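Engineer: So the chains spell out like this:
2 protein chains.
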Amino acid sequence: MTPDVIHQVTMADVLAEHAAHTERLACICGPYRFSYEQLDERTSRLANALRELGVGRGDRVLWLAQNCHRLLEALLACAKLGSVLCPANWRQSSDELAFVIRDSSPAVVLWQERHIGEGLSAARDQVGADSAAIWIQHDAEPGSPGAYEEILARADSRNPQALPGAEVPEGDAVLMLYTAAFGGRPAGALLSHRALVTQGALLGSLQGIGADYVYLNCGPLFHVATLMTTLATFVSGGTNVFTPRVEADELCRLIESEGCTGAFIMPPTMAQIVELNADGRYDLKTLRTFAGKPEWTAMITPDDSPWGRHPGGYGQTEVMGLVSFGALGPSVGSHGRPAPFLRVGILDPAGREVPRGETGEICVKGPTVMNGYFNRPDLTAERQAGGWHHTNDLGRFEHDGSLTFIGPRSRLIKSAAENIYPTEVEACLKTHPHVADAAIIGVPDRTWGQNVLAVVVVKEGENLAAEEVIDHCRSHIASYKKPKLVEFVDALPRQGFAVDYAALDERFGGGGYPGTGG
Amino acid sequence: MTPDVIHQVTMADVLAEHAAHTERLACICGPYRFSYEQLDERTSRLANALRELGVGRGDRVLWLAQNCHRLLEALLACAKLGSVLCPANWRQSSDELAFVIRDSSPAVVLWQERHIGEGLSAARDQVGADSAAIWIQHDAEPGSPGAYEEILARADSRNPQALPGAEVPEGDAVLMLYTAAFGGRPAGALLSHRALVTQGALLGSLQGIGADYVYLNCGPLFHVATLMTTLATFVSGGTNVFTPRVEADELCRLIESEGCTGAFIMPPTMAQIVELNADGRYDLKTLRTFAGKPEWTAMITPDDSPWGRHPGGYGQTEVMGLVSFGALGPSVGSHGRPAPFLRVGILDPAGREVPRGETGEICVKGPTVMNGYFNRPDLTAERQAGGWHHTNDLGRFEHDGSLTFIGPRSRLIKSAAENIYPTEVEACLKTHPHVADAAIIGVPDRTWGQNVLAVVVVKEGENLAAEEVIDHCRSHIASYKKPKLVEFVDALPRQGFAVDYAALDERFGGGGYPGTGG
Chain A
1 MTPDVIHQVT
11 MADVLAEHAA
21 HTERLACICG
31 PYRFSYEQLD
41 ERTSRLANAL
51 RELGVGRGDR
61 VLWLAQNCHR
71 LLEALLACAK
81 LGSVLCPANW
91 RQSSDELAFV
101 IRDSSPAVVL
111 WQERHIGEGL
121 SAARDQVGAD
131 SAAIWIQHDA
141 EPGSPGAYEE
151 ILARADSRNP
161 QALPGAEVPE
171 GDAVLMLYTA
181 AFGGRPAGAL
191 LSHRALVTQG
201 ALLGSLQGIG
211 ADYVYLNCGP
221 LFHVATLMTT
231 LATFVSGGTN
241 VFTPRVEADE
251 LCRLIESEGC
261 TGAFIMPPTM
271 AQIVELNADG
281 RYDLKTLRTF
291 AGKPEWTAMI
301 TPDDSPWGRH
311 PGGYGQTEVM
321 GLVSFGALGP
331 SVGSHGRPAP
341 FLRVGILDPA
351 GREVPRGETG
361 EICVKGPTVM
371 NGYFNRPDLT
381 AERQAGGWHH
391 TNDLGRFEHD
401 GSLTFIGPRS
411 RLIKSAAENI
421 YPTEVEACLK
431 THPHVADAAI
441 IGVPDRTWGQ
451 NVLAVVVVKE
461 GENLAAEEVI
471 DHCRSHIASY
481 KKPKLVEFVD
491 ALPRQGFAVD
501 YAALDERFGG
511 GGYPGTGG
Chain B
1 MTPDVIHQVT
11 MADVLAEHAA
21 HTERLACICG
31 PYRFSYEQLD
41 ERTSRLANAL
51 RELGVGRGDR
61 VLWLAQNCHR
71 LLEALLACAK
81 LGSVLCPANW
91 RQSSDELAFV
101 IRDSSPAVVL
111 WQERHIGEGL
121 SAARDQVGAD
131 SAAIWIQHDA
141 EPGSPGAYEE
151 ILARADSRNP
161 QALPGAEVPE
171 GDAVLMLYTA
181 AFGGRPAGAL
191 LSHRALVTQG
201 ALLGSLQGIG
211 ADYVYLNCGP
221 LFHVATLMTT
231 LATFVSGGTN
241 VFTPRVEADE
251 LCRLIESEGC
261 TGAFIMPPTM
271 AQIVELNADG
281 RYDLKTLRTF
291 AGKPEWTAMI
301 TPDDSPWGRH
311 PGGYGQTEVM
321 GLVSFGALGP
331 SVGSHGRPAP
341 FLRVGILDPA
351 GREVPRGETG
361 EICVKGPTVM
371 NGYFNRPDLT
381 AERQAGGWHH
391 TNDLGRFEHD
401 GSLTFIGPRS
411 RLIKSAAENI
421 YPTEVEACLK
431 THPHVADAAI
441 IGVPDRTWGQ
451 NVLAVVVVKE
461 GENLAAEEVI
471 DHCRSHIASY
481 KKPKLVEFVD
491 ALPRQGFAVD
501 YAALDERFGG
511 GGYPGTGG
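Quick mapping for you: the protein sequence lines, in order, are chains A and B.
Here the working numbering is used: the first residue of the first sequence is 1, the next is one more, and so on.
Here the working numbering is used: the first residue of the second sequence is 1, the next is one more, and so on.
Hints are computed from structural coordinates only; laboratory data are not their basis.
Among these hints, one or two may not hold up.
It does not matter which identical chain is used: a pair holds within one copy or between any two.
Claimed, not checked - Below, in silico cross-link-like pairs of lysine to aspartate or glutamate (DMTMM-like), each with a Cα-Cα straight-line distance of 25 Å or less:
#, residue 1, residue 2
1, Lys-430, Glu-487
2, Lys-414, Asp-130
3, Lys-285, Asp-304
4, Lys-430, Glu-295
5, Lys-430, Asp-304
6, Lys-293, Glu-506
7, Lys-285, Asp-400
8, Lys-414, Asp-445
9, Lys-484, Glu-256
10, Lys-484, Glu-468
11, Lys-285, Glu-250
12, Lys-414, Glu-487
13, Lys-414, Asp-500
14, Lys-484, Glu-418
15, Lys-484, Asp-156
16, Lys-293, Asp-283
17, Lys-285, Asp-156
18, Lys-414, Glu-358
19, Lys-484, Asp-139
Quantities reported herein were computed from a predicted structural model and do not represent experimental measurements.
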């Protein structure tokens, strides 16, 4: 497909824009400080080096390393080549790492020795000759053969995008992120230039991310929740500061010295910072972020952007982060409003949109939707059935046009002609003050197909009758969704965090699920 | 081209989204109040009626009438058909109206009798058999034959988008707006679904336009400056209130009764409102807009959105409004920063990007750029040379990546190898405290090709020597741009507002302009 060069903007175009027009720093990482102009040159060098190594259109470059500016460089080098960067979770076991190496079949692996060399070495042994990837150690000392900085220094510095016919269509994938397992193994969601630029632009405007934004990359960059802000900062021409460590002292030092205005800080780290900085040794006032405990709020500047006032929303990796935003105006629903460039439908299992107020699968169309899963045509076709991206999550539109996310779709119960999502009924049960835990299964019924059976754990010291459980549901959700049968247990069987529904089906006679033949 | 239905969102998709998910009013106009669901049905009826009348893909529907909700309906009906709505200036002379009818060669004209029936009648007589358009009077009494409401009542209410293969590619034009004359006659800029949705989404997030926004459409809707906010309100699921009259009393009444949160109000109307409402008879506190005189500011709620704090930017019709926004972060330049989904280049006449700090033509790539001018292939090719949209405007990037708009490109002077834009030198001259007016022309020079000659009007009661004029320029812009010759006149010759450069060339020996052969 010939790109429509006058109407498209790729990640490489965004870089070219900033390189031409701003003197600002694009990234800071340990001793490295690069302007957008320098980033442009370094990524051209890397792109040319990767091409020399055989990386072509659509080929994967796997990043197995901690946070570092070189991850952003690798993404932009891939953008210039039409290739795909896959930043994967380096905290995984050797078996899991081996799976990722096999599954992504990368042309090049960018890796690091520090902290993860041992696990990676075991994974490489496991994969053996199954992978033809070329391995480049990004944290090798400059001067050592094959080191990242050596390769850059030797490479051609001309922009490969300057070659005639080198334009990359904005709809091509540039990023691949592994997502939760469906059917047992993770899948790599392929995200396009357009998805990254579009989401970055919206997120930037809602979070007040401008060219003066300095984002501290201290969350895991293989996760879209951190990476989407990295990209919003890049797209807006701000500065990304990278750190491999989530240590309160190091974060404080960087916030103060670089004047960071944003950071991905989770509550435990926040608590550490409050303790560490009780004496005010660090000035963290540049940081515009959510208020919290009074000691925390006194250290930072409360974020008064639309996002700061109404953070969060509903999303997933396959849509480049968020579908809906609390920041997009008042909402009755719990998860805000869809981005205005998306079409969001709530679909029943037959693929028809249900009226507002009714529960169904959240489905999405629009520029931030993934192109598909790498090398998983069947799973991709399933998720894209009927021209919608199926999120596998349940939701409902409220009367004001806002969205409520209910939970993962998981299994479906069919009673008469009605579709009943166990997740929805479970969420209702858990709002009862005497319910500690609950699970819903379907049991075969000759007349209705299936009946709803609730398995309930009652809170210690409380009593609950089956009739009360049923009444509670009848008064909160549609009557046909209420359990007809209730069983009480001391605890739900679980595998890890997940309820073991197979065990419940076996114990309480569950079955007859639609599409399972029994 | 087959649309990529999973990644695209057209204006019809936006309407479907709101119709399915919100109970809010989409539009209010006189006695009419329609929800998004009703708007969806009415526009399906209109689309089917238009198709029956022969309106097909890419065909133009011309709107020659005042502000009315039916303009939005016509746009959305066109969106459903893949046709193009052209809202044209109804205030023009009969000759100008005749030009627009001929040039846009519409399949259907939606017109009104009130105020403009007479001028339109003369224009129709002038065009005569040259136009095969079907005329529909939108303000005819319901019941009269061929009236808009009659046609809707009789039409099929099913959504034409539901037919297989009826999908419209988001890159297709849906809106056509006539823009300033180049080469003597206005040209119709064709703007795509994607341009409208993308710009609406960004503008909405910068202006804090959400589903609770109520926009009073009191500026001219054939102008992008008003229409872009109408569309941002639509895209965000808010309510558009239409009024054909810009009368202070009527505006106040509507703001109070509908709780309008936004409006397109120019300073003269603002002054009228301040006078009319001195006694506080109307409560205008819902209106979030720019502060002004204390009496005005006390009546309204000052807009604290990013746009409210830093309004404006640089733009033109051909890019669906704005290219750069003051709201996108701090900027040294006078016109803010480019939208993050655009690539903006400053190009020299050879089509090469110039370094930051240097002046050249502002050129743009990205999703909001027009598809071209209707039926003007040569002009379109000229504006899109080298894969950039050429704005015909001069600008400069400052060191912080922000943009300064200098003025229209108009003529170019070439001295040695240097390109000199008269507009830039004139802007510099006008900053001299003793200069009342100034124009720059080029005079042929055997050695340099051309020399710069300044024609200066000195302020009454002041004195100015040629050497001072030259020194002033030397100290403010690059030395090669300074005038070598200075002439003083009492007044510049003008045609309307525009300086008559041909008269100046003739009087002072101008000529030798590049590309003119003399």
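Engineer: Hint by hint, say whether it matches the structure.
Structural biologist: Here is what the structure says about each hint:
1. Lys-430 with Glu-487: within (15 Å within a copy, 86 Å between copies)
2. Lys-414 with Asp-130: neither (45 Å within a copy, 63 Å between copies)
3. Lys-285 with Asp-304: Both, since 14 Å and 22 Å are each at most 25 Å.
4. Lys-430 with Glu-295: Classified as neither: same-chain Cα gap 34 Å, cross-chain 55 Å, threshold 25 Å.
5. Lys-430 with Asp-304: Neither: 34 Å inside a chain and 41 Å across chains, both beyond 25 Å.
6. Lys-293 with Glu-506: neither (47 Å within a copy, 75 Å between copies)
7. Lys-285 with Asp-400: between (38 Å within a copy, 23 Å between copies)
8. Lys-414 with Asp-445: For Lys-414 and Asp-445, the Cα distance is within 25 Å only inside one copy (10 Å; across copies 88 Å).
9. Lys-484 with Glu-256: This pair counts as neither: shortest intra-copy Cα distance 60 Å, inter-copy 53 Å.
10. Lys-484 with Glu-468: Classified as within; 12 Å inside a copy, 95 Å across copies.
11. Lys-285 with Glu-250: within (16 Å within a copy, 48 Å between copies)
12. Lys-414 with Glu-487: within (20 Å within a copy, 89 Å between copies)
13. Lys-414 with Asp-500: Close inside one copy (20 Å), not across copies (79 Å); limit 25 Å.
14. Lys-484 with Glu-418: The answer is within: 14 Å in one copy meets 25 Å, while 86 Å across copies does not.
15. Lys-484 with Asp-156: Close neither inside one copy (71 Å) nor across copies (45 Å); limit 25 Å.
16. Lys-293 with Asp-283: The answer is within: 17 Å in one copy meets 25 Å, while 40 Å across copies does not.
17. Lys-285 with Asp-156: neither (42 Å within a copy, 61 Å between copies)
18. Lys-414 with Glu-358: within (16 Å within a copy, 68 Å between copies)
19. Lys-484 with Asp-139: The answer is neither: 61 Å in one copy and 59 Å across copies each exceed 25 Å.
Violated hints, listed in ascending order, are 2, 4, 5, 6, 9, 15, 17 and 19; each of the other numbered hints is respected by the structure.
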